[in-house]
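Whenever a hint applies, use it, and build me the whole structure from the sequences.
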Amino acid sequence: MQGMMINRAKELLRDGTVNRVLGWQAGEFVYDITPAVFETEEELDEGFVYNGFCGNNLSKYLVKETLKEGKILVFLKPCDTYSFNQLLTEHRIDREKVYVVGIPCEGKTSGEMLKSKGISGITGISEDGDNFIVDTVYGQTTIAKADALEERCKTCKSKKHVAYDELIGEDGEVLDSHRFDMVAKLEAMTPDERFAFWRGQLSKCIRCNACRNVCPACTCEQCVFDNPKSGIAQKAAADSFEENMFHIIRAFHVAGRCTDCGECSRVCPQNIPLHLLNRKFIKDIDELYGDYQAGAEVGTRAPLTNYTQDDVEPSIVYHREGK
Amino acid sequence: MLKISLDKLGSLFDAIAEKEALYIPADKAGQPQYMRYQTGMQMTEALNTVRSAKDFFFPQTENLVNFKVSGKTIEIIDPRTEQEDFVVFGVRGCDVRSFSILDKVFLVDPIDTYYENRRKHGTIVSMACTRPSETCFCHTFGIDAAEPEGDAVCWKTEDALYIKANTEKGEALIEKIRPMLEESDDSAVEAQKAATREILGKLPLANFSTEKFGGDVLLKAFNSEKWASLSEACLGCGTCTFVCPTCQCYDIRDYDTGHGIQRFRCWDSCMYSDFTLMAGGQPRLTQKERFRQRFMHKLVYFPANNNGEYGCVGCGRCLSKCPISMNIVKVAKSLEGDL
Amino acid sequence: MNTEALIPKIGVVTKITQETPDVKTFQVVGLDGKKVFEHKPGQCAMLSVPGVGEGMFSITSSPTNKEYMEFSIKKCGCVTSWLHAMEPGQQITIRGPYGNGFPVDTDFLGKDLLVIAGGIGLAPVRSVINYCRDNHEKYGSIQVIYGSRSKDDLVKYKEIIDEWENDPNMIVNLTIDREQEGWDGHVGFVPNYVKELNPDTSKTVIMCGPPVMIKFSLAGLKELGFKETQVYTTFELRMKCGIGKCGRCNIGNKYVCKDGPVFRFDQMDELPNEY
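Residue numbers (the numbering used here), protein chains in the order written: chain A, 2 to 324; chain B, 335 to 673; chain C, 7 to 281.
These aren't lab readings, by the way, just hints derived from the structure by calculation. For every residue, glycine included, the Cβ atom is placed at its ideal position computed from N, Cα and C. Wrong hints could be hidden among the right ones.
Some chain C residues judged to face chain B by a derived CB distance under 7 angstroms, without partners named [what the hints assert, rightly or not]: (1) Glu10; (2) Leu12; (3) Ile16; (4) Gly57; (5) Lys72; (6) Cys82; (7) Gly83; (8) Gln97; (9) Arg244; (10) Gly258; (11) Asn259.
Here are the simulated lysine to any residue pairs, SDA-like style, with alpha carbons at most 25 angstroms apart [to be verified]: (12) A:Lys155 <-> B:Lys362; (13) A:Lys118 <-> B:Lys622; (14) B:Lys406 <-> C:Lys164; (15) C:Lys15 <-> B:Thr415; (16) A:Lys65 <-> B:Ala562; (17) B:Lys490 <-> B:Ala360; (18) A:Lys69 <-> B:Lys560; (19) B:Lys490 <-> A:Tyr139; (20) C:Lys80 <-> B:Thr415; (21) A:Lys65 <-> B:Asp412; (22) B:Lys546 <-> B:Asp672; (23) B:Lys402 <-> A:Glu243; (24) C:Lys40 <-> B:Asp412; (25) A:Lys69 <-> B:Asp608; (26) C:Lys41 <-> C:Thr235; (27) A:Lys230 <-> B:Ala613; (28) B:Lys546 <-> C:Gln273; (29) B:Lys560 <-> A:Glu243; (30) B:Lys362 <-> A:Trp199; (31) B:Lys667 <-> A:Glu40; (32) A:Lys65 <-> B:Gln616; (33) A:Lys118 <-> B:Ile533; (34) A:Lys118 <-> B:Ala360; (35) B:Lys406 <-> C:Gly57; (36) A:Lys116 <-> B:Asp361; (37) C:Lys209 <-> C:Thr235; (38) B:Lys622 <-> C:Tyr281; (39) A:Lys65 <-> C:Glu280; (40) B:Lys622 <-> C:Lys81.
Here you go:
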């Protein structure tokens with residue numbers, strides 16, 4: 002796949018369709034991959050990589066990249082294309098300046114994921130069918146890819162590209178992923194249990210803002226949390242409850258626009274399952290307004306920005322007993 | 335050398351905790367972090383905590399001074415209370431070294447008395463590493479993970495914990511728990527040290543060096559063209575800064591509680607766009623300049639002011655936590671060629 | 007140095023003078039009616055309004071003023087807006103002094119001084135001007151080239167006319183950017199005026215003003231034969247602690263709050279161009 006991508010990128014550079022390529026660059030340890038813009042064929046040969054560790058969703062980079070001169074080639078995985086469409090809907094990307102090549106994805110893992118399985122001292126990783134073979138300074142280990150998948154990939158919502166100019170490989174289908182199972186579990190808890198769950202998780206927050214800065218739905222020129230006049234701009238928790246407010250407010254701000262790409266949970270240095278907050282909103286929107294997937298199409302009016310007389314009343318929260 | 339059998343570790347912790355506050359690295363909601371010890375709490379199996387140990391001396395948020403404002407008058411209230419003595423147990427060699435780097439900031443004139451107070455009351459018990467990770471490069475900065483610094487140092491083997499004092503504070507701590515410890519020869523510790531050092535030599539970053547940044551390279555490094563591509567994907571978040579044991583930039587802000595004003599300080603990051611923003615202008619306009627500041631500070635500016643000591647301890651946290659996997663090792667390796 | 011460096015003292019604003027449409031001068035004393043602390047010319051103080059924030063300001067008055075400190079402050083952000091809105095008698099908090107100040111006890115001794123200032127840039131250098139006037143036996147002559155957008159934007163205009171222009175040891179050259187009714191003085195930008203006046207190259211130069219003025223004035227001085235080693239300026243960067251720890255005003259291996267704010271231009275050549 003990587004070879005095909007590099008070849009296609011070179012062709013598109015050569016025939017002038019694009020003047021640069023947004024992809025992933027290899028790092029020190031196989032797994033530490035960095036999003037990068039490649040401008041020449043030599044740069045592509047030197048550093049371009051596509052493997053099971055290329056988790057970064059590249060669509061948000063297009064906000065700044067499409068402000069520059071010329072057209073850029075971007076490689077998007079199926080779930081990234083939802084973010085891409087959502088950004089188009091919000092007029093944050095200039096579609097004329099992007100050439101989208103859809104690429105297949107079998108789910109991604111990460112160095113952190115391998116380490117959470119007790120694998121340490123990694124010196125090399127190779128793929129062998131359904132397994133990763135990991136060389137470490139402590140010997141060789143094999144781990145099933147399925148076990149090493151990130152949470153968002155275990156509950157992948159779609160292998161289908163919803164936006165592209167061309168595809169490499171076969172397109173997939175929208176999946177029935179059981180992605181709301183954990184939300185349902187949380188809903189089934191008592192309010193006290195639920196509160197304890199979220200306090201336990203959110204109290205780990207270090208307010209690094211990685212979740213916000215990586216989020217394709219967070220593209221405000223100036224975030225409310227960076228506005229000293231907002232009264233909520235404190236960088237660190239002024240009291241222990243503040244980090245809760247940060248995440249809850251953020252979840253509200255992206256509600257109805259979040260495509261569930263899962264970048265927030267991927268980048269969280271404290272492994273807070275932030276995607277669950279967003280999924281709660283998505284699940285509620287599905288239940289209250291009918292199934293809606295942000296980013297599935299460009300230009301759709303989202304339920305939360307589209308008033309109809311059938312909309313639920315605010316009392317719905319009471320009728321659902323606070324869930 | 336003194337030792338205690340591992341099955342008595344809990345009672346050792348109980349004994350320390352009875353006399354002063356004890357913090358150990360333990361797992362909370364799946365994440366290793368320092369927590370105040372309570373009976374039954376287990377030490378984490380993880381190599382290191384996500385947040386570094388700098389919190390103990392330079393907490394993420396801390397109240398500096400309170401004000402009561404009424405009409406045109408202001409009353410200043412010092413909110414500090416007497417700091418209690420505390421013990422931090424199980425600090426890795428990299429994090430122990432970070433304290434001496436922070437000292438070079440906070441304990442030089444004018445001394446930061448908030449930090450100084452905590453330093454005086456804290457006893458550091460370090461723990462030798464046995465399973466370093468590929469992201470470790472503490473040896474680059476002359477740190478011996480097999481025998482870390484600290485007021486006292488511990489080695490954990492299959493069945494026992496060995497402990498040795500390095501300072502008066504360490505001796506005082508051991509004195510308090512002396513009855514629980516037994517004399518031992520140091521053969522098990524020596525064997526562990528040898529094994530760990532062998533692994534350290536095999537790590538991918540075993541030969542990583544920042545030597546090239548030691549000389550007169552300030553403007554050369556600053557003006558390198560590499561910064562543009564290195565910083566290209568940077569999200570401008572503060573993850574690297576906040577997990578870093580040596581990052582110490584802070585902000586001072588006022589918080590209106592409704593009953594008065596709390597002036598608190600909190601960690602800040604040079605990676606943030608508002609770090610140098612003034613009403614009258616912004617000297618670091620893009621993420622490139624902010625990104626460059628962080629690495630220049632650690633690799634060039636800090637050593638220039640501190641006899642060549644780098645502002646990094648090689649703990650590897652930024653290597654594993656950066657959302658885009660950009661870090662000091664990649665930066666140093668990339669810039670090397672330009673120096 | 008105060009060991010509780012981050013805990014401020016109370017200051018009382020005893021007098022507020024409107025200097026220009028957007029600059030006011032504040033007189034500050036301690037609760038006991040005396041100066042809160044002594045300082046050197048060119049040093050700064052951290053003033054704050056609790057609940058609004060802290061800000062670093064140069065001390066405009068000379069250390070030879072034994073009664074009070076003065077701060078000439080332009081309204082441009084949150085803290086300055088609040089300061090501009092308050093009335094005499096208001097308490098604020100104050101801590102300092104911070105920074106190195108001008109080398110009045112070493113490099114400036116016996117020298118003829120040339121002060122070049124633009125707009126609010128007069129605030130930090132007024133301290134050194136008045137200090138040298140009050141100790142005139144230790145210094146040579148003082149020439150001041152000061153410009154502003156208009157006559158109304160000249161800070162400390164009354165003091166300049168009444169005192170500086172009548173000081174036999176001083177030459178004052180004022181200029182404004184554009185023609186204005188009631189102004190029969192020089193019209194034009196400061197850097198051009200400096201070249202026109204062609205000052206003696208033996209003078210030691212102190213410069214403060216907007217970056218563009220600094221840039222072109224320095225170039226002009228060099229054309230006239232001045233060396234970077236005889237030109238001083240004072241910096242302004244965002245600061246929080248004032249004691250070289252919070253990291254905000256770090257340029258290269260220097261902290262402007264502690265190692266500056268006064269730098270000589272040859273020293274700045276060794277620093278990254280990030281100010």
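Verification of the supplied hints:
{"no.": "1", "hint": "Glu10", "result": "holds, 6 angstroms"}
{"no.": "2", "hint": "Leu12", "result": "holds, 5 angstroms"}
{"no.": "3", "hint": "Ile16", "result": "holds, 6 angstroms"}
{"no.": "4", "hint": "Gly57", "result": "holds, 5 angstroms"}
{"no.": "5", "hint": "Lys72", "result": "violated, 25 angstroms"}
{"no.": "6", "hint": "Cys82", "result": "holds, 4 angstroms"}
{"no.": "7", "hint": "Gly83", "result": "holds, 3 angstroms"}
{"no.": "8", "hint": "Gln97", "result": "holds, 4 angstroms"}
{"no.": "9", "hint": "Arg244", "result": "holds, 5 angstroms"}
{"no.": "10", "hint": "Gly258", "result": "holds, 6 angstroms"}
{"no.": "11", "hint": "Asn259", "result": "holds, 4 angstroms"}
{"no.": "12", "hint": "A:Lys155 <-> B:Lys362", "result": "holds, 24 angstroms"}
{"no.": "13", "hint": "A:Lys118 <-> B:Lys622", "result": "violated, 35 angstroms"}
{"no.": "14", "hint": "B:Lys406 <-> C:Lys164", "result": "violated, 30 angstroms"}
{"no.": "15", "hint": "C:Lys15 <-> B:Thr415", "result": "holds, 20 angstroms"}
{"no.": "16", "hint": "A:Lys65 <-> B:Ala562", "result": "holds, 14 angstroms"}
{"no.": "17", "hint": "B:Lys490 <-> B:Ala360", "result": "holds, 15 angstroms"}
{"no.": "18", "hint": "A:Lys69 <-> B:Lys560", "result": "holds, 19 angstroms"}
{"no.": "19", "hint": "B:Lys490 <-> A:Tyr139", "result": "holds, 18 angstroms"}
{"no.": "20", "hint": "C:Lys80 <-> B:Thr415", "result": "violated, 39 angstroms"}
{"no.": "21", "hint": "A:Lys65 <-> B:Asp412", "result": "violated, 47 angstroms"}
{"no.": "22", "hint": "B:Lys546 <-> B:Asp672", "result": "holds, 10 angstroms"}
{"no.": "23", "hint": "B:Lys402 <-> A:Glu243", "result": "holds, 23 angstroms"}
{"no.": "24", "hint": "C:Lys40 <-> B:Asp412", "result": "holds, 23 angstroms"}
{"no.": "25", "hint": "A:Lys69 <-> B:Asp608", "result": "holds, 24 angstroms"}
{"no.": "26", "hint": "C:Lys41 <-> C:Thr235", "result": "violated, 34 angstroms"}
{"no.": "27", "hint": "A:Lys230 <-> B:Ala613", "result": "holds, 13 angstroms"}
{"no.": "28", "hint": "B:Lys546 <-> C:Gln273", "result": "holds, 24 angstroms"}
{"no.": "29", "hint": "B:Lys560 <-> A:Glu243", "result": "violated, 38 angstroms"}
{"no.": "30", "hint": "B:Lys362 <-> A:Trp199", "result": "holds, 13 angstroms"}
{"no.": "31", "hint": "B:Lys667 <-> A:Glu40", "result": "holds, 21 angstroms"}
{"no.": "32", "hint": "A:Lys65 <-> B:Gln616", "result": "holds, 20 angstroms"}
{"no.": "33", "hint": "A:Lys118 <-> B:Ile533", "result": "holds, 20 angstroms"}
{"no.": "34", "hint": "A:Lys118 <-> B:Ala360", "result": "holds, 17 angstroms"}
{"no.": "35", "hint": "B:Lys406 <-> C:Gly57", "result": "holds, 13 angstroms"}
{"no.": "36", "hint": "A:Lys116 <-> B:Asp361", "result": "holds, 15 angstroms"}
{"no.": "37", "hint": "C:Lys209 <-> C:Thr235", "result": "holds, 11 angstroms"}
{"no.": "38", "hint": "B:Lys622 <-> C:Tyr281", "result": "holds, 15 angstroms"}
{"no.": "39", "hint": "A:Lys65 <-> C:Glu280", "result": "holds, 24 angstroms"}
{"no.": "40", "hint": "B:Lys622 <-> C:Lys81", "result": "violated, 31 angstroms"}
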